[in-house]
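Enquirer: Each chain, letter by letter, is given below.
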Amino acid sequence: MEVYVTAALLTLLLAITIAIVRQRSLYSIVILAGAYSFLMASVLVAFDAVDVAMTEAAVGAGVSTVFLLAALYRTKSREYPRPRNIIVPLFVTSVTGAALVWGTWSLPPFGAADAPIHKHTTPHYLEEARAKRIAPNVVTAVLADYRSFDTLGETTVIFTAGIGIMMLLRQRRRRADDREEAET
Amino acid sequence: MKRDLIIRIGVKLILPFMLMFAAYVHLHGDYGPGGGFQAGVIIAGMVIVHALVFGVEAAKRIAPVKLVEKLVPAGVLIYASAGLPPFFRGMMYLDYSAYGMDPLHAHEWGVFLVEAGVITTVAATMIAIFYAFTARQPS
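Going down the list, the protein sequences come from chains A and B.
For the first sequence, the residue numbers in our numbering are 1 to 184.
For the second sequence, the residue numbers in our numbering are 1001 to 1139.
Just chain B, same shape as in the assembly (with noise of 0.2 Å):
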C-alpha cells in the first residue's frame, strides 16, 4: 500500500486524532465509556495501521522494539506502585484516598495512575505481539 496516495495522506490526517481519542478515552474514563484498555488498544491500533500503511520498519522507528518490550512490564510496574503511597501512609493498599483530600479528586489522581499503567502495558503487548507475528518468514 506504500504507492497508494489516498491512503497514505488519509492515514497521516488520522493518525494524530487517534492520538488524541486515546488520550481522551483514558483521561475521560471516569466520566464517559472507556478507560486504559479501551486507549492501550486505540494506540496500538494507531502504530498497528502506520505499519500497515508505510511498512513494518517505519513503525520500529516510531515505537522501537526494545522500547515496546520493556513498556510490557513497565505498565505492571506502574500500576502496582500506584498503591504503595497509600501503603507507607498506612492505608489499605491501592487505597486512592491518600491521593489529596478531596474524595473525587483524590480518586481520579487514583485511577489516572492505575489506568496510566493498564494503557502501558496493553498498547505495548499489543505492539509487540503484531512485531512478532510479522519478524517471522512465512512457512
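For reference, chain A alone in the conformation it holds in the complex (with noise of 0.2 Å):
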C-alpha cells in the first residue's frame, strides 16, 4: 500500500517538474513550486520523517511561496526567451544528472537498517534517550540536546541572513531617497 502512495507521490512531482520546465509566467512557477514543496512534505510524511516533513510544509510551501511573490511583484514576471544554443545546457546537465546516478549505485539500499549512517552515533542516542529519560521524541532530543550547539549555530545563520537581506533591502532604498532629495 505504502509503495503505490509513494509511487502515486513522485508521479506527481514529476508531473510537476515538467510543468515548472516547460512555463514561461514566473508567478505559474512559483505556485507550481509551492505545489512542489507540498507534494514533497506528504512524500516525506509517507517515509515517517514528520519534522521534515511539517518544515518542508511551512518554510517550503508557505512562506518561501510568498517570499518568491513578494521578489516578483518588485521585479519583472517574465522570463527570458529560451536561449537558441541549447547544446552546451544539455551536455552539462546529462553529465550531472549521469554523474548522480551512478554515485547512487553505491549507495546502501533505501531504507536498509544495516547502513552505516545507522550504526554510527544513531544507537547510542536511542538507547541513551530512553534510558536517561531526556525528550520522548528523539529528534527534539538530538536537535537541541545532543546537538545544542549545533542548534545554536544555526540560530545565529538565520540572524545573520535576516540581518543580511534587511541590510541589502534597505540599503537600496536610502540610496533611492537620497536620489530624490538630490532630484528636488
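Each hint should be verified, as a subset may be incorrect.
[As the list claims (entries may be wrong)] With a cut-off of at most 25 Å between alpha-carbon atoms, the simulated SDA-like pairs for lysine to any residue come out as follows: (1) B/1012 with B/1061; (2) B/1060 with A/68; (3) B/1070 with A/154; (4) A/119 with A/44; (5) B/1066 with A/166.
Just so you know, these hints were derived from the structure itself, not from any lab.
Please dock the two separately framed chains into a single complex, following the hints provided.
Expert: This is how it looks when you write it as C-alpha cells:
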C-alpha cells in the first residue's frame, strides 16, 4: 500500500517538474513550486519523517512562496526567452545527472537498517535518550540536546541571513531616497 | 483582498488557531513532531497572512517593525544565555541537567528555553524579511 502512495506522489512530483520546465510565466512557476513543496512534504510523511515534512510544508510551501511572490512583484515576471543553443546546457545537465545516478549505485539500499548512517551514533542516541529519559521525541533530543551547539550555530546563521537581507534591501531604498532628495 | 468578506472573516477565525498551533508545536516538541523552528515559521505565517489580507500597515500595528528587528538578535541571546546557568554551576555550557533534579524535567526546561530562542529569531527574521520586501518600491 505504502509503495503505491509513494509511487503516486513521486509521479505527481515528476508531472509538476515537467510543468515547471515548460512554463514561461514566473508567477505560475512560483505557485507550481509551492505545490511541489507540499507534495514533497506528503512524501516525507509517507517516509515517517514528520519533523522534516512539517518544516517543508511551513517553509517550502508557505513562507518561501510568499517571499518569491513578493520578489516577483518588485521585478519582472516573465522569463527571458529560451537561448538558441541548447547543446552545451544539455551536455552539462546530462553529465551531472549521469554522475548523480552513478553515485547512487554505491549507496546502501533505500531504508536499509544496517546502513552506516544508522550504525555510527544513532544507536547511542536512541538507547541513551530512553535510558536517561531525556525527551520522548528523539529528533528533538538530538537537535536541542545532543547537538545544542549545532543548533545555536544554526540560529546564528538565520540571524545573520536576516540581518543581511534587511541591510541589502534597506540600503537600496535609502539610496533611492537620497537620489530623490538630490533631484528636488 | 480588503473587500472580500469571506476571506476577511475566514482569516480572522483562523488566526488565533494558528497562534495556538504554533504554541502547541513549540511546547509539545519534546513529544510530537516539530519544535522552535517550525513554530517560528507558523507565527511568521500568521503575521504574513494578516498582512496579505488586511494590508501591511495593519500587520505593522500587531508586529511593529522596530520590535521585530529587536527580536531577531534577542532570540540568539536567549539561546546563548540558556547555556549560562549550567556553566556557572560548574557544568558544561548548555548542559541542561542543571535545570532540575529529575533528568526529564531538567531537559524539558532546557529544551524549552533553547527553543524559545529559536522561535524568536526565526519568526522575527521571517517577518522582517517580509517587511523588507514590502517596503521597496516596484522597479
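Enquirer: Against this structure, judge whether each hint is valid.
Expert: Hint by hint, here is what the structure shows:
{"no.": "1", "hint": "B/1012 with B/1061", "in the structure": "holds, 16 Å"}
{"no.": "2", "hint": "B/1060 with A/68", "in the structure": "holds, 21 Å"}
{"no.": "3", "hint": "B/1070 with A/154", "in the structure": "holds, 19 Å"}
{"no.": "4", "hint": "A/119 with A/44", "in the structure": "holds, 22 Å"}
{"no.": "5", "hint": "B/1066 with A/166", "in the structure": "holds, 12 Å"}
In this structure, none of the earlier numbered hints is contradicted; all agree with it.
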